Amino acid sequence: MLVSLKWLSQYVDIDGLEPEELAEKITRSGIEVEAVNHLSKGLKKLQVGQIKEAVPHPDSDHLNICQVDFGEEELSQIVCGAPNVEVGQKIVAVRPNGYVGGKKIKKGKLRGTVSMGMICSLQELGVDSKVVPKAYADGIYVVSDDVPVGSDAIEVLGLDDVVLELGLTPNRADALSMLGVAYEVAAILERDIKLPETAHPTTNEKASDFIKVAVEATDVNPMYTAKVVKNVKIAESPLWLQQRLMMSGIRPLNNVVDITNYILLEYGQPLHAFDYDKLATGEIVVRLAKEGEKITTLDEKERTLKASNLVITNGKDPVAVAGVMGGYDSEVTAETTTVVIESAYFDGLSVRYTSKDLGLRSEASARYEKGIDPNRVMPAAERAAQLMAELAGGDVLEGIVTVDELDKEPARVVVSPDFINNRLGMKISLNEMVTILQRLRFDVEPANGLLIIDAPTRRQDIKIEEDIVEEIARLYGYDEIPKTFPVGPVTPGRLTRNQQIRRTIRRQLQDAGLYQALTYSLTSDELAQKYALKTAPTTRLLMPMSEEHSTLRQSLLPHLIESVVYNVSRQADAATLYEIGSVFLGQTEEGLPLEEEHVALAMTGKWIDNAWQGEHKTVDFYVLKGIVESLFNTLSISERISYVAGKVDGLHPGRTADILLDGERIGFVGQLHPQEQKDLGLKDTFVAEINLAQVFAAEVESLQYVAVPRFPSISRDIALVVDRLTTASSLEEVITAAGGKLLKDVRVFDVYEGEHMEEGKKSIAFSLTYFDPERTLTDEDVTAVHGQVVAALQENGAVLR
Amino acid sequence: MQEQLAQLKAEVLEKIAASETLKQLNDVRVAYLGKKGPITDLLKGMGKLPQEERPKMGALVNETRAQVQQVLDARKEQLEAAALDAQLASETIDVTLPGRTVKVGNHHPLTRIIEEIEDLFIGMGYEVVEGPEVEKDYYNFEALNLPKGHPARDMQDTFYISEEILMRTHTSPVQARTMEKAEGKPIKIICPGKVFRRDNDDATHSHQFNQIEGLVVGEDIAMSDLKGTLDIFAKKMFGDEREIRLRPSYFPFTEPSVEMDISCFKCGGEGCNVCKGTGWIEILGAGMVHPNVLEMAGYDSKKVTGFAFGMGPERIAMLKYGVDDIRHFYTNDVRFLEQFHRAED
Numbered sequence: 001m002l003v004s005l006k007w008l009s010q011y012v013d014i015d016g017l018e019p020e021e022l023a024e025k026i027t028r029s030g031i032e033v034e035a036v037n038h039l040s041k042g043l044k045k046l047q048v049g050q051i052k053e054a055v056p057h058p059d060s061d062h063l064n065i066c067q068v069d070f071g072e073e074e075l076s077q078i079v080c081g082a083p084n085v086e087v088g089q090k091i092v093a094v095r096p097n098g099y100v101g102g103k104k105i106k107k108g109k110l111r112g113t114v115s116m117g118m119i120c121s122l123q124e125l126g127v128d129s130k131v132v133p134k135a136y137a138d139g140i141y142v143v144s145d146d147v148p149v150g151s152d153a154i155e156v157l158g159l160d161d162v163v164l165e166l167g168l169t170p171n172r173a174d175a176l177s178m179l180g181v182a183y184e185v186a187a188i189l190e191r192d193i194k195l196p197e198t199a200h201p202t203t204n205e206k207a208s209d210f211i212k213v214a215v216e217a218t219d220v221n222p223m224y225t226a227k228v229v230k231n232v233k234i235a236e237s238p239l240w241l242q243q244r245l246m247m248s249g250i251r252p253l254n255n256v257v258d259i260t261n262y263i264l265l266e267y268g269q270p271l272h273a274f275d276y277d278k279l280a281t282g283e284i285v286v287r288l289a290k291e292g293e294k295i296t297t298l299d300e301k302e303r304t305l306k307a308s309n310l311v312i313t314n315g316k317d318p319v320a321v322a323g324v325m326g327g328y329d330s331e332v333t334a335e336t337t338t339v340v341i342e343s344a345y346f347d348g349l350s351v352r353y354t355s356k357d358l359g360l361r362s363e364a365s366a367r368y369e370k371g372i373d374p375n376r377v378m379p380a381a382e383r384a385a386q387l388m389a390e391l392a393g394g395d396v397l398e399g400i401v402t403v404d405e406l407d408k409e410p411a412r413v414v415v416s417p418d419f420i421n422n423r424l425g426m427k428i429s430l431n432e433m434v435t436i437l438q439r440l441r442f443d444v445e446p447a448n449g450l451l452i453i454d455a456p457t458r459r460q461d462i463k464i465e466e467d468i469v470e471e472i473a474r475l476y477g478y479d480e481i482p483k484t485f486p487v488g489p490v491t492p493g494r495l496t497r498n499q500q501i502r503r504t505i506r507r508q509l510q511d512a513g514l515y516q517a518l519t520y521s522l523t524s525d526e527l528a529q530k531y532a533l534k535t536a537p538t539t540r541l542l543m544p545m546s547e548e549h550s551t552l553r554q555s556l557l558p559h560l561i562e563s564v565v566y567n568v569s570r571q572a573d574a575a576t577l578y579e580i581g582s583v584f585l586g587q588t589e590e591g592l593p594l595e596e597e598h599v600a601l602a603m604t605g606k607w608i609d610n611a612w613q614g615e616h617k618t619v620d621f622y623v624l625k626g627i628v629e630s631l632f633n634t635l636s637i638s639e640r641i642s643y644v645a646g647k648v649d650g651l652h653p654g655r656t657a658d659i660l661l662d663g664e665r666i667g668f669v670g671q672l673h674p675q676e677q678k679d680l681g682l683k684d685t686f687v688a689e690i691n692l693a694q695v696f697a698a699e700v701e702s703l704q705y706v707a708v709p710r711f712p713s714i715s716r717d718i719a720l721v722v723d724r725l726t727t728a729s730s731l732e733e734v735i736t737a738a739g740g741k742l743l744k745d746v747r748v749f750d751v752y753e754g755e756h757m758e759e760g761k762k763s764i765a766f767s768l769t770y771f772d773p774e775r776t777l778t779d780e781d782v783t784a785v786h787g788q789v790v791a792a793l794q795e796n797g798a799v800l801r
Numbered sequence: 001m002q003e004q005l006a007q008l009k010a011e012v013l014e015k016i017a018a019s020e021t022l023k024q025l026n027d028v029r030v031a032y033l034g035k036k037g038p039i040t041d042l043l044k045g046m047g048k049l050p051q052e053e054r055p056k057m058g059a060l061v062n063e064t065r066a067q068v069q070q071v072l073d074a075r076k077e078q079l080e081a082a083a084l085d086a087q088l089a090s091e092t093i094d095v096t097l098p099g100r101t102v103k104v105g106n107h108h109p110l111t112r113i114i115e116e117i118e119d120l121f122i123g124m125g126y127e128v129v130e131g132p133e134v135e136k137d138y139y140n141f142e143a144l145n146l147p148k149g150h151p152a153r154d155m156q157d158t159f160y161i162s163e164e165i166l167m168r169t170h171t172s173p174v175q176a177r178t179m180e181k182a183e184g185k186p187i188k189i190i191c192p193g194k195v196f197r198r199d200n201d202d203a204t205h206s207h208q209f210n211q212i213e214g215l216v217v218g219e220d221i222a223m224s225d226l227k228g229t230l231d232i233f234a235k236k237m238f239g240d241e242r243e244i245r246l247r248p249s250y251f252p253f254t255e256p257s258v259e260m261d262i263s264c265f266k267c268g269g270e271g272c273n274v275c276k277g278t279g280w281i282e283i284l285g286a287g288m289v290h291p292n293v294l295e296m297a298g299y300d301s302k303k304v305t306g307f308a309f310g311m312g313p314e315r316i317a318m319l320k321y322g323v324d325d326i327r328h329f330y331t332n333d334v335r336f337l338e339q340f341h342r343a344e345d
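Heads up: the sequence lines are chains A and B, in that order. If you count the first sequence from 1, position 486 lands on 486 in our numbering, and the numbers rise without skipping. If you count the second sequence from 1, position 57 lands on 57 in our numbering, and the numbers rise without skipping.
It should be emphasised that the hints constitute simulated quantities derived from the structure, not laboratory data. Keep in mind it's a predicted model, so treat the numbers as computed, not measured. Treat the hints with care, since some could be wrong.
[Unchecked claim] Lysine-lysine pairs mimicking BS3-like chemistry, simulated, CA-CA at most 27 Å apart: (1) A:K463 x B:K148; (2) A:K483 x B:K148; (3) B:K276 x A:K103; (4) A:K109 x A:K52.
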């Protein structure tokens with residue numbers, strides 16, 4: 001909502017306050033003033049002049065050399081490029097050394113001809129081109145003939161005004177009108193309010209003899225009123241009216257339409273003017289549209305209606321979409337002589353849905369959606385008739401034709417001062433409360449320690465006690481509320497187990513050299529299931545903004561890999577990232593997808609880089625696997641974790657391991673498929689994804705101290721020759737089984753294949769540690785067990801080296 | 001014999017002094033003081049002396065021997081110290097060369113902000129509660145006093161999945177779920193999470209961003225409690241000198257509703273580019289829980305009241321660290337991420 005202060009001062013006295021001061025007061029008490037626009041900012045030395053002579057510039061196909069009379073002894077020569085320049089016009093010009101748009105205009109030469117200033121368009125004077133009247137849209141602005149030459153144009157154009165830009169929240173629909181803002185300002189400043197006059201002369205003819213009104217859907221249109229004005233002369237509106245519309249963001253059209261828009265701004269009541277003759281039937285019937293029925297709206301677009309859309313008809317065809325936009329066929333034009341003014345109350349939801357169906361929003365629909373004041377329907381119609389008589393020379397017919405089933409009673413709220421004080425944590429006296437409510441023009445009556453309040457109907461947002469609490473608080477001042485703390489039982493605040501584990505994982509991965517990344521939950525259809533740990537239906541948006549963010553992800557990796565690519569393509573010599581986030585799988589009973597928390601890791605490039613020591617290493621499979629292993633170790637589930645060769649689409653088939661927890665697959669670790677790497681422009685890149693939901697679910701025994709060994713342990717090494725594809729873990733299983741309880745630790749310390757090895761074989765060496773917590777082991781003890789281990793390995797096809 | 005002893009002493013002392021290494025010194029020791037050395041030989045030759053001279057001579061030999069040993073020990077210590085010095089000198093390294101770096105990553109800046117806020121409220125007895133990113137229309141809107149067709153639904157452009165399912169537009173549905181589950185009991189929670197709006201991504205808009213909301217429900221919770229809580233939050237998060245102010249606002253799920261500004265942490269309230277010259281920075285929205293919201297969750301709104309507040313970690317991070325483009329938080333440029341490694345702001 002744009003509020004001209006000059007206009008506002010017609011209803012409430014705002015003298016003695018700087019615009020910024022007023023804006024601050026309004027903001028602090030309820031409605032945010034987003035901007036204070038001084039319209040004359042950047043304008044200086046603007047005068048009205050008359051063009052006495054205009055001759056085409058000899059060296060230009062569009063410039064005119066004008067001689068302009070500013071009421072001075074001599075005419076001023078100004079070169080002007082506008083197409084609509086004509087002798088006799090009164091125009092606005094910036095004089096030499098004046099300013100327009102903050103730019104200084106000096107005496108200068110255009111194509112060799114002296115120009116003393118510049119003739120201005122409205123756009124150049126700061127008016128938004130969207131609201132400039134069509135006649136002046138492509139040229140200079142022409143002032144009406146009665147303005148004397150030499151006048152200060154800033155005053156003439158009303159640019160010596162300040163416009164407040166209000167950021168209205170949906171509850172404050174009352175402030176979508178000048179009167180509403182005036183009530184608010186009057187309450188803030190504790191000043192009086194002056195309402196506009198609506199009285200006007202009428203003819204002897206009765207409106208009801210000209211027009212019949214019927215409403216078939218009073219549930220969504222409980223009140224409809226029509227007034228008839230004859231003999232209107234369609235013309236340009238007076239300048240002041242055009243100015244007010246333009247300042248409020250509405251383009252002036254003609255006097256009748258401008259008046260309806262003016263009332264919309266003044267009262268917040270949307271009006272519509274029909275050309276009576278074009279209605280043709282002398283009848284208005286409001287009904288629901290027929291499915292598929294068509295209407296061409298004022299914007300000259302044909303629209304197809306749904307059966308739930310409310311329309312105004314002439315008894316046969318739709319002539320307007322109720323509360324949204326009028327019809328093109330019954331539009332007021334230069335030829336119109338008789339006007340029907342519609343002032344009605346349409347249900348907000350109905351207008352909202354219709355406006356959505358048609359994809360059409362208007363100043364009218366915006367107000368209906370949020371709720372208008374039922375008690376302004378009638379006065380707004382009268383006020384419009386008055387202005388049409390005054391400004392368009394119309395004869396207003398007697399009476400108003402109405403259908404009226406609208407409840408216009410104010411909402412009653414009964415509240416105790418204690419309730420208000422308890423909610424605020426304050427001690428405001430009853431008298432102070434009453435005063436504040438009276439400033440707001442609420443009817444208030446204290447009775448039996450209670451406040452009985454009738455809120456004015458313009459304040460549709462006041463319904464319950466809490467609404468009164470807010471009204472009192474905002475005018476009493478939030479600065480006055482003391483600072484206290486909730487009193488009540490002491491509650492221990494702490495993270496849940498899962499939240500703690502998540503933080504542990506973050507810190508561990510970061511300490512291991514990975515940066516935490518954040519990527520989007522929404523991805524493309526194509527990537528949604530890539531690398532997914534489980535097969536499940538995907539979830540897609542109804543109306544995505546782009547295909548790229550249309551479907552919920554089932555793996556964190558695609559976006560994380562994109563981030564790796566982003567870094568690598570910007571010369572990063574390494575990218576080591578992880579993310580913790582949700583994936584979205586299928587559908588649960590609740591109808592929502594199952595959200596599972598995962599952690600994903602992606603690493604490429606330099607890992608160890610100690611240049612002067614000559615130590616270099618890039619990330620490989622075992623770097624990433626080591627990080628994953630130590631993570632499980634910290635989470636104390638490493639002994640329940642196993643790794644088996646696995647296959648994941650998009651990963652290297654020989655370099656991927658499934659991660660099992662208690663034998664169940666919870667994730668994988670592997671290298672991107674070489675083809676994938678090539679396509680993405682990556683060198684060897686390693687990734688892992690783990691389902692944290694399963695990690696969280698793994699119960700872990702509580703931490704118990706185990707005695708520090710008192711007896712020494714004994715180590716023995718074994719070197720074996722086995723088939724190349726025999727896994728270390730399978731040999732380890734054999735060793736562990738044969739080693740029994742004395743075997744404390746098994747560790748691979750060497751793997752070799754190649755020269756001096758038989759084709760298809762490899763050598764692998766283990767270091768075994770034996771230990772007995774009860775006694776010092778003897779060589780004989782160890783030799784016995786170790787013998788069993790060796791025998792078991794040989795039985796399984798391993799050859800001692 | 002006495003003469004012989006004196007000569008021997010002079011000879012050995014000279015040799016000790018001439019020893020340059022521990023080995024040479026040891027050779028001298030073995031040669032003169034060893035079992036086959038001349039001093040031992042002298043002692044052995046005492047039998048030839050007259051009886052009465054023997055004790056005197058024995059004492060003299062032992063005395064000489066002790067004196068020699070003493071000189072020898074001293075020289076040994078000297079040589080050892082010199083040897084150590086030489087060893088240390090040869091072991092000297094260039095201590096200014098760079099060390100072996102330990103590769104360490106760090107928190108995402110938003111996690112940094114979120115954890116800081118979580119910890120602050122945990123300290124005040126709040127629990128951290130999370131909820132699903134995909135929500136029912138009911139919890140996202142209806143249970144929060146936003147029935148279908150409510151004009152305020154326009155404040156949050158929504159990604160719908162079906163008529164009843166959507167991407168949550170705020171973390172408030174977590175509050176609605178928590179209240180419903182609490183069955184009338186008091187609540188003190190903080191709810192961080194990702195939220196989604198139908199927006200085109202640009203420098204100031206992101207279709208995905210984060211929110212943190214707080215909710216306290218109980219008997220006699222007043223607006224002054226909200227103000228006190230927010231004041232502590234502002235001071236702990238942005239500095240002890242911060243002042244707060246509340247401005248009236250509107251949210252469908254709170255009544256009264258306010259926005260909280262803090263005095264500018266850059267200029268202290270004088271006016272600068274961070275606070276756009278106003279001295280104040282808008283940080284969060286808050287209010288008293290709307291009775292309809294309490295009733296829908298099964299509370300008796302006549303007896304139980306509550307307050308709620310919500311803020312955007314992106315906005316806080318952008319203000320605090322001067323980040324100029326919200327998309328930085330989601331591109332994961334390591335050159336951006338690694339700047340947030342410091343322990344302290």
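Now the hints, each set against the structure:
The suggested pairing of K463 of chain A with K148 of chain B holds, with an alpha-carbon distance near 19 Å, which does not exceed 27 Å. Taking the CA atoms of K483 of chain A and K148 of chain B, the gap is about 37 Å. The hint is violated against a cut of 27 Å. About 24 Å separates the Cα atoms of K276 of chain B and K103 of chain A, which keeps this hinted pair within 27 Å; it holds. For the hint linking K109 of chain A to K52 of chain A, the alpha-carbon distance of about 20 Å falls within 27 Å, and the restraint holds.
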